[in-house]
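**Q** Use the sequences and the hints to build the structure in full.
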Amino acid sequence: MRPTVQAALRDVSDVLEGDPWSVPRTGLGGALALQVARGFGRAGSRRARRLCASSIEAWNQRVHRPRRDALDRAVARDTRDFLRAWSRFVRDDDARAQRVVARLSPAWSAEAPVPEAVIFLRAAIAAGVVLGEVSDEVHAQLDAFATWTALAWEARQGTLDRARWEGALDAIGARAPFTSDAESHARREAHAALAPWTDHRTASVLRALLDRLPSGPAAPREPEAWLPAIAPEPAPAARPARRGGCALDRFVDAHGRNVEHAIAALAGGAPPRTRGAIEYLRRQGGKRLRPFLVLASTRACGGDPEWALREGAIVEWLHQTSLVIDDVLDGATLRRGGPTLHHATSVPFATAVALQLLARLAMAARDLPGESRVLVADTAAALAEGEWSEMRHTGDPAISITTYCRVIEAKTARLFATACALGGLAARATPASLRALTRAGREAGLAFQIVDDLLDAIGDEAELGKRRGTDLRARKATLPTLLLRDALPPTERGRLEALIRGERACTDAEVAWAAARIEELGVDVRCRERASAHRSRALAELARLPDREGAALLEALFTRCVQRRA
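What the sequence shown shows, in the working numbering, is residues 5 to 570, in sequence order.
No lab work stands behind these hints: they were computed from the structure.
Treat the hints with care, as some may be off.
Computed Cβ-Cβ distance ranges for the label pairs, DEER-style [claimed, not checked]:
#: 1; residue 1: 137; residue 2: 188; range: 31 to 37 Å
#: 2; residue 1: 265; residue 2: 493; range: 53 to 59 Å
#: 3; residue 1: 185; residue 2: 374; range: 49 to 55 Å
Glycine included, every Cβ here is placed at the ideal spot set by N, Cα and C.
**A** This is the structure in structure tokens:
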């Protein structure tokens with residue numbers, strides 16, 4: 005990456021000397037973003053320029069991977085990178101960044117196919133607009149230039165048809181007939197977009213970029229950014245089994261309908277296919293554990309649980325978005341007894357839906373009080389870091405239990421802690437109560453994930469609603485696997501380590517062998533003991549909360565985290 009970023013940090017005109025369109029567009033995206041910032045706004049710090057160039061160029065290089073599975077995983081990783089940027093975006097509440105996202109989001113709607121080059125150039129322009137604090141009026145003109153230039157290039161490459169043409173133009177609110185002369189039409193419109201700047205250095209460079217569209221074939225790449233799809237109707241979610249008329253069950257019954265309404269409200273106004281996919285995710289069901297943690301925490305601090313419905317919905321959708329991305333990375337085909345979204349549709353479509361959800365959550369988070377908004381943003385960043393850490397250690401059988409705990413701290417425990425803290429903030433809890441809620445949520449989240457990993461390894465597929473051994477098949481070393489590694493004799497340990505490294509095919513028989521050895525060596529008991537220890541620490545924190553009935557609701561939720569079988 006370093007030579008590419010160095011090239012991008014130079015002038016666009018220098019980059020053009022290397023014919024960046026076809027080798028494959030090396031340095032073009034980053035250089036274009038920096039030229040827009042410098043020519044129409046301000047240059048920004050060197051660190052910001054490097055980050056901007058690196059992000060665009062990394063995405064560009066991944067798009068040119070020839071293997072479909074490599075591209076799918078790269079797109080999912082890019083979505084995680086987007087989540088990092090999203091957290092800063094929510095935290096800072098930058099009005100210009102909000103407008104940039106609003107301008108780009110129609111291209112993520114997955115309602116129509118959008119040529120990859122259109123997304124690439126529009127993203128480069130948008131990055132320059134944010135970096136250089138460029139005005140909205142200028143952005144609108146440059147956005148049109150990027151769209152028409154990309155369409156001209158796609159037409160020359162022979163990868164443009166009517167659907168892609170219309171999808172790209174719909175995203176910027178433009179209309180034009182698709183004809184056999186599409187390239188010439190797009191060129192004229194691109195030049196017209198630069199008409200306000202007849203004697204402007206950067207505009208001249210952009211015109212040169214347009215005039216140097218190559219006639220030869222481009223490097224191999226995936227020519228479509230998103231493919232539209234229609235999510236199927238999910239199977240009706242099973243009603244959670246009741247364990248008698250306990251206080252927690254009555255609490256869930258009393259607020260469950262309003263929780264579902266709040267979750268559904270965040271999907272309101274989405275385009276039809278995107279809305280269908282969001283509904284597919286919502287109607288797949290789930291425990292709704294995190295929103296009820298929010299509401300119970302509000303109650304435990306003396307507030308009305310209904311005050312926290314919006315916070316509960318935001319936490320649930322942040323969790324659901326994370327699952328969409330996790331399923332792509334893991335290659336999972338089942339979730340809650342039905343096909344995962346990317347398996348039911350496609351990876352590009354599921355990725356577009358995830359981006360749409362994040363855009364909607366960003367807008368919803370703007371209405372939260374400042375401290376709550378920052379908490380949501382920081383949690384999103386932690387989720388991204390947790391996923392990145394897990395990916396770095398995938399296939400490593402030597403990972404330590406300490407490292408595993410750091411991963412689940414970021415991926416799961418942080419969101420539990422945030423759910424509890426958001427409930428407390430909704431009730432205007434004291435600092436002492438907020439600290440207790442945060443610590444309790446963290447411990448409960450650790451307990452939950454340990455049990456989740458154990459169930460993935462040895463659980464019943466009919467109860468789980470997903471394939472057993474997903475983690476082992478994805479070469480992830482979770483706590484049950486690590487404890488098993490340490491308990492196995494050397495000959496069997498080599499077999500397990502070969503599975504984690506990917507040197508041995510992880511068949512159903514191998515998964516069954518690992519599950520049997522986990523139970524025979526008492527690894528399952530040790531995992532549940534660790535989970536119970538985290539639960540005990542969580543319960544100790546609840547004693548500090550002012551409302552005993554609310555604290556008892558949290559205690560019941562934490563207990564179910566440990567005792568569950570699915």
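**Q** Hints first: check each against the structure and report whether it holds.
**A** Now the hints, each set against the structure:
1. 137 to 188: 31 to 37 Å: holds, 35 Å
2. 265 to 493: 53 to 59 Å: Between residue 265 and residue 493, where Cβ atoms are some 55 Å apart, the hint holds.
3. 185 to 374: 49 to 55 Å: Once the Cβ atoms are compared, 53 Å apart, the range 49 to 55 Å for residue 374 and residue 185 holds.
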